[in-house]
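Engineer: Okay, so the sequence shown: first residue is -17 according to this note's numbering, each after it adds one.
Source of the hints: derived by calculation from the structure; they are not laboratory data.
Computed from a predicted model, the values in this text were never measured in an experiment.
This list has only true hints and no planted wrong ones.
Calculated lysine to aspartate or glutamate pairs in the DMTMM-like style (CA-CA distance at most 25 Å, straight line): (1) K75 with E64; (2) K115 with D13; (3) K115 with E100; (4) K75 with E117; (5) K146 with E182; (6) K85 with E117; (7) K123 with D13; (8) K33 with D114.
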Amino acid sequence: MKRFGLFLLCLLCIFKKGLQTSGWSVQVPSDVTGELGKMVALPCTFTHPYKTFDRTLTAIWRIREPYNGTVVFKCITQGSSELCKTIVSHKNKYKLLGNPRHKDLTIRIDNLTWSDSERYFCRVEFSGDIHDKYESRNGIKLHLIAAPRIINITVSSNRDHTFKARCTAEGEPAPSLTWTGPHYSNLTSVTNMNHQVTKELQYLTHDGKYTCTAVNSHGRAEGAVYFYKFKASNSSLFLILIFVPLGIKVLVLLAIVGFTVFWRGGPFTTPTSLARPQPQDSTYENLDRRHRGSPTLPTEQTSVPRS
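I would like the entire structure built from these sequences, with the hints used as guidance.
Structural biologist: Structure (structure tokens):
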């Protein structure tokens, strides 16, 4: 008799579980596309077997895998009229758009980065019975798109003293790169890594401007680099271009210093023509002063004998 009672109780539990499970469902799209640097909404709606429910409700979003994936968003609402209070928002970039009390768990992700390209799973939990929880199993795959962007462009030398130009761009889908410029060999190498592409232009021989163009279905971008190779035959011209401006600067500097010293009355002798004449007595005036008041000496006269 006891066994029969336990059997009926188990049937009742299974029946109750079946009724609750049959009333649960989650509706999400399989894929959502967002643009790098902007925002995107991830829709999620659900149904439950209850006509009314005013107990605590918890909304959860996780990434990578269901049930055990990393939780990136979580909010809790205590009553039917209370807003869902955010408990977890990874990097503060996840916001609830829907109303869990209205069976809507839609969230928004701001400022999309490459790391946000994951699979997302929404989950709802009611307090009470252990079976009052439901989570999407397939989740939503978030795809990112991005117009091309040149992130690095350089010219460098190799060990064999040759030169190469290197251009790296990113975008989704991965952009195609094209080099244009002066005549060059067609020796290039391409490296792909997820949403980044690098293309090297090897053995540069001609001076000038080299342009890298990145193109995908969402746009295009360009970057340029200038290459000038020093040549030994032009060494004399190179020295002239260096030392002539330097000599001119030295002469200008000396002229400025000389003018400054002259203006301040430096050690240079003032030219005679510009010197102010000093008053002085003449020789005759001195002699006159010297003999003034003294007896006049007789003048010696020499007689010339007559012949």
